[in-house]
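In order, the protein sequence lines correspond to chains R and G. For what it's worth, my numbering labels the leading residue of the first sequence as 1222, then goes sequentially. For what it's worth, my numbering labels the leading residue of the second sequence as 55, then goes sequentially.
These aren't lab readings, by the way, just hints derived from the structure by calculation. Please read all numbers here as calculations on a predicted model, not as lab measurements. The beta carbon of each residue, even a glycine, is placed where N, CA and C say it ideally should be. Hints should not be assumed to be uniformly reliable.
Said to hold, decoys possible - In silico DSS-like links for lysine-lysine, alpha-carbon gap of 30 Å or less:
(1) Lys-410(G) / Lys-1254(R)
(2) Lys-1764(R) / Lys-1666(R)
(3) Lys-1255(R) / Lys-197(G)
(4) Lys-499(G) / Lys-1250(R)
(5) Lys-1255(R) / Lys-507(G)
(6) Lys-487(G) / Lys-1390(R)
(7) Lys-424(G) / Lys-1254(R)
(8) Lys-1255(R) / Lys-417(G)
(9) Lys-1390(R) / Lys-507(G)
(10) Lys-487(G) / Lys-507(G)
(11) Lys-1754(R) / Lys-1764(R)
(12) Lys-1801(R) / Lys-487(G)
(13) Lys-1395(R) / Lys-487(G)
(14) Lys-487(G) / Lys-1806(R)
Claimed, not checked - Incomplete in silico selection of chain R near chain G, CB under 8 Å:
(15) Ile-1617
(16) Ile-1739
(17) Val-1808
(18) Gly-1823
(19) Gly-1838
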Amino acid sequence: MDMPIPNILIWFIFLLPLASFVLISFFTKPILKKPRLSGYLTIGAVAGSLTLSIWTLISILRAEGHELVIPDFNWLTINGVINIQVGLVMDTLTAVMLIVVTTVSLMVQIYSQGYMHSDPGYHRYYAFMSLFTASMLGLVMVNNLLLMYVFWELVGLCSYLLIGFWFHKPEAAKAAKKAFIVTRIGDFGFLAAILLLFSQTGTLDIAQIHSLALTGAIGGTILMWAAIGIFLGAVGKSAQFPLHVWLPDAMEGPTPVSALIHAATMVAAGVFLVARMFPIFEHSPDALLIVATIGGFTAIFAASMGLVMNDIKRVLAYSTVSQLGYMMLGLGTGGVAIGIIHLFNHAFFKALLFLGAGSINHATGTFDMRRMGGLRKVMPWTYFTFLIASLSISGIWPLAGFWSKDEILVSTFDSQPVLFYLAMATVFMTAFYMFRVVFLTFGGKYRGGTSSQTDTRPHESPMVMIIPMVILSVLAICSGWFNVTGDFGHLLGHGAEHGFIEGFFGILTHPLPWISLIMAFAGILLAYAIYSKNWISATKVRKFFSPIHTMFFRKYWMDELYEDIIGEKILNKGIFARLKLFDSKLVDGAVNGVAEAVMTMGRAIRQVQTGQLQLYGIFIILGVLAIAIGLILWG
Amino acid sequence: MNLEPILPELTLAITTIVVILLDLFIQKKVWLTVISLAGIAVATGFAVTLWGENPQTIFNNLLVIDNFAVFFKILLLVIVALVLLASRDYVSKLRRFQGEYHALVLLAAIGMMLMAAGTDLISIFVSLELSAIAFYALVGFLKDDRSTEASLKFILLGGIASAVLLFGMALTFGFTGKTQLAEIAQVIQQMSPEVLLASSGLILGLVLMIAGFGFKIAAAPFQMWVPDVYEGAPTPVTLYLSVGSKIAGFAVILRVFFSAFGSPESLSQDWGLVFAVLSAIGMTLGNIIAIHQANIKRMLAYSSIAHSGYIMIGLAAVGLTPIGDFTGQSFILFYVIAFALADLAAFIAVIVISNKLNSDLIKDYAGIGKRAPVLAAVLTLSLISLIGLPPTAGFLAKFYIFTGAAGSGLLWLVIVAVINSVISVYYYLRVVKVMWLGEPMFEGKIPSSNATKFSLAICCSGILLLGIVPVVIMQIVETAASSLSF
């Protein structure tokens, strides 16, 4: 692949999965009646996208990180009035995201061949997954805010459809609705920011907006509000406090969906958005501080809830929220490279954790860790890969998570000491809750699974599920090594921590990594003491910390706050009830009145159409006369 | 002399004769359709080779072959082909006169293609009559009461319209001494604006021509014939009238008014304003009356009147825009294609469904979504395009026309048009609602022939193509529009 990738092929990166979606929806099921083809189609399309993405990345690396110039396509042009162009941006940031999305997507699609094998909605599942992959790839590739917003909403739509994939389950339907509505609050901020920027600059082209921001053509206050609006969108999508409530519920969807959408890619779109629009944030220190603070707070806040959950997927969900908080913290304190490299590493180990949870569920029929245990012997592959991912997320040297997490810690240490302590505490909590999961699930004795399970002996999952997990576990070990010299971060532009990362072993000459390693090992040790050896009784600990435990377990009562107090009492019974009066009396009255008037008019005018020829002729003559007189009088 | 420029029309003429003669000998009448289609295909091939050439005039400047004419010729040929494909099921019910049916359809096509190329009032009138007379016969083809009544009404009113048009042409000739559009333009430009506007003879000629052509394109108040004729005529003929005849009408209007009366501005603003007023009346009338129609063919007839109104917004904008800018013209051409595709798809679906149901009533369409999901989906898509919602061609067509008009200072007309579009949503979506949410009265799938499926596939992909990647068509349309001379 010496040759740089041709421009036309770059378009195919997102057109391939889109074609797969169209073919599955309109062709394989309705016409060919072969739903089985859908899986192969999707896998083939995503594999094609992955190949092209790798080629793109190589081309960019050969160009030493300079972005590839791709000519825009004029979509809608009206001379001098409107000129909407469709274009792609192909820089290192995009290339990295493409690799993340296509790799994880491919692994998840292959895994789903096993996991969704006998599901009646098999072809629908693959249609949605193709559409999601296409939209996510479009989102990271476009160079224009309007189209980005379109794809932003499309991934939201796919998320909604896939969370509610088993829509016959009331919880799934409810969770899908919740995800859609909560993220919509954030989207409003994003849309407002787009409109604000457009009204100030007259363009939607991201590069142009950036250069205007750099030259100072946009006012400081405007930039700050635009940044806050964009960040609000990111908060919704990336489930940051206070809009984090939808992500744990989103676990009602099929587990591969959680791995792809709610761990590796879509939830990271918020982080990507901030990175893409970073020049705007850079010129507004207040906005950057907000990003860092929300991120740092979310990291520890979500981790605290992850400590006590019994459902394995919910622990992983809170862990995702917490890690996304880390990325925001990295963006807010260090810049694009630091946040995005953590996104890159996180995508692999978190997807792997979810696939592991899916594999366990496949074996035991439950997600409740109280009914698992002892799976290490029966599911060696799952155990082994899950353990690697857990070590990676805990930040153990030399696994992937270690490298990017420590960079975030360093950049925080330099600028925001308070947030640094929070982040350090989170390291401890992360290691603890992850190994709580490991010991509860794989250690001890088997505690039964679901009683309805006819085959009571759990078994290892089929190879089609194991292989993607093994590939991901390789990435969970070594995806961080790309950046051991800091070069990779350098290509992403903004300030990677040079002088800190100085090679594979060199990093261990600094004190900070040792502190974080000690914190992580302490967390693992505590989990070992409580959940593996019972040196400390879990029940006693729970009793001792009873009020705090309840607070964590009830998720700080935020669901109750949102649903009962804000949703029901303030909005529904308060504001909406009053608006309804206004609506039913005034608005409906006006609407029905106008409609009635139009209908009556139609009935009256229709009478003229009598079918009589003479009348028609007269109308022609009258028409001519009216026009002639009109023209002579007013012309 | 060089016949190459009119080879498309000649091919069709030869095909017409062949079809009439063959009808006497062959038993399997499906061959008539095949031969007609083959003739159309050859004619289209000839037309395509003419695309992009420099304009050339033939027959002593009676006809011109420029990109504008070739564009309309190709468009009309495609429409005729689709009409014949759609007629297949319908015509097979006629035991006799199938040859005549095909011949008349082809003759009308020749007339309309010549209309698009006419540069002289005389050639325009003759070709217009050629197509009109073929249509009179086609409308009465069913020979039942309604069809005959429709045909008679059409002949009489068409006669009045022709007389009005001819009178207008005569006045124009009397005033300028010329019948050539280019020469008329010269004479007019040499006069001072005051003299020009005081010459009521010319103004009256203009008004009468607007009325005459307005009859063709179903512009209110010259549209009274439309519902009765559309309802009574065989449905493929209705389709042909609604799409082909109207498009040819707009081609002639664009050429005549732009080439002959395009300057000075004071004159073009006059007719621009007339078209603006006619457009407002047409849209409003068409949409409001369509609400109450129980018969889908009548509903589509009023919808077609309303769409003529929308296209006339473009004409008004052309009249008011300073000369030299062809944007307005290209928007009209774009709209014409978008309308043709959507109307074709809608009518073809209606032909198949109504044939099976033996009814044109909207209420009988209940549950069609279950009995013929593909046809119902096609009809839904075409109605959505007629409403003008994305991602269909209709959306961008309206968007272009409205933007162009707003740029020419016709904001009031755009507001009227937008209100009208909202009204139209009601009666279009009512059909959609009945089809998908109603309970079917009978069980059983509604079959459709391969010819129908093929033509529907063409229309639907066109609707989506124009709606999603308009640039491709926009370039063709701009080339066609910019060859209009004045």
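Cross-check of the supplied hints:
1. Lys-410(G) / Lys-1254(R): holds (27 Å)
2. Lys-1764(R) / Lys-1666(R): Judged against 30 Å, a Cα distance of about 24 Å means the pair holds.
3. Lys-1255(R) / Lys-197(G): violated (49 Å)
4. Lys-499(G) / Lys-1250(R): holds (19 Å)
5. Lys-1255(R) / Lys-507(G): holds (22 Å)
6. Lys-487(G) / Lys-1390(R): Holds, at about 29 Å.
7. Lys-424(G) / Lys-1254(R): Holds, because 18 Å separates the two Cα atoms, which is no more than 30 Å.
8. Lys-1255(R) / Lys-417(G): violated (36 Å)
9. Lys-1390(R) / Lys-507(G): violated (40 Å)
10. Lys-487(G) / Lys-507(G): With a Cα-Cα distance of about 23 Å, the restraint between Lys-487(G) and Lys-507(G) holds, given a limit of 30 Å.
11. Lys-1754(R) / Lys-1764(R): Distance of about 19 Å is within 30 Å: holds.
12. Lys-1801(R) / Lys-487(G): holds (27 Å)
13. Lys-1395(R) / Lys-487(G): holds (28 Å)
14. Lys-487(G) / Lys-1806(R): Distance of about 27 Å is within 30 Å: holds.
15. Ile-1617: violated (50 Å)
16. Ile-1739: Violated: closest Cβ of chain G sits about 58 Å from Ile-1739(R), beyond 8 Å.
17. Val-1808: violated (16 Å)
18. Gly-1823: At about 4 Å, which falls below the 8 Å cut-off, the nearest Cβ of chain G leaves the hint on Gly-1823(R) intact, so it holds.
19. Gly-1838: Hint on Gly-1838(R): holds, closest Cβ of chain G at ~6 Å, below 8 Å.
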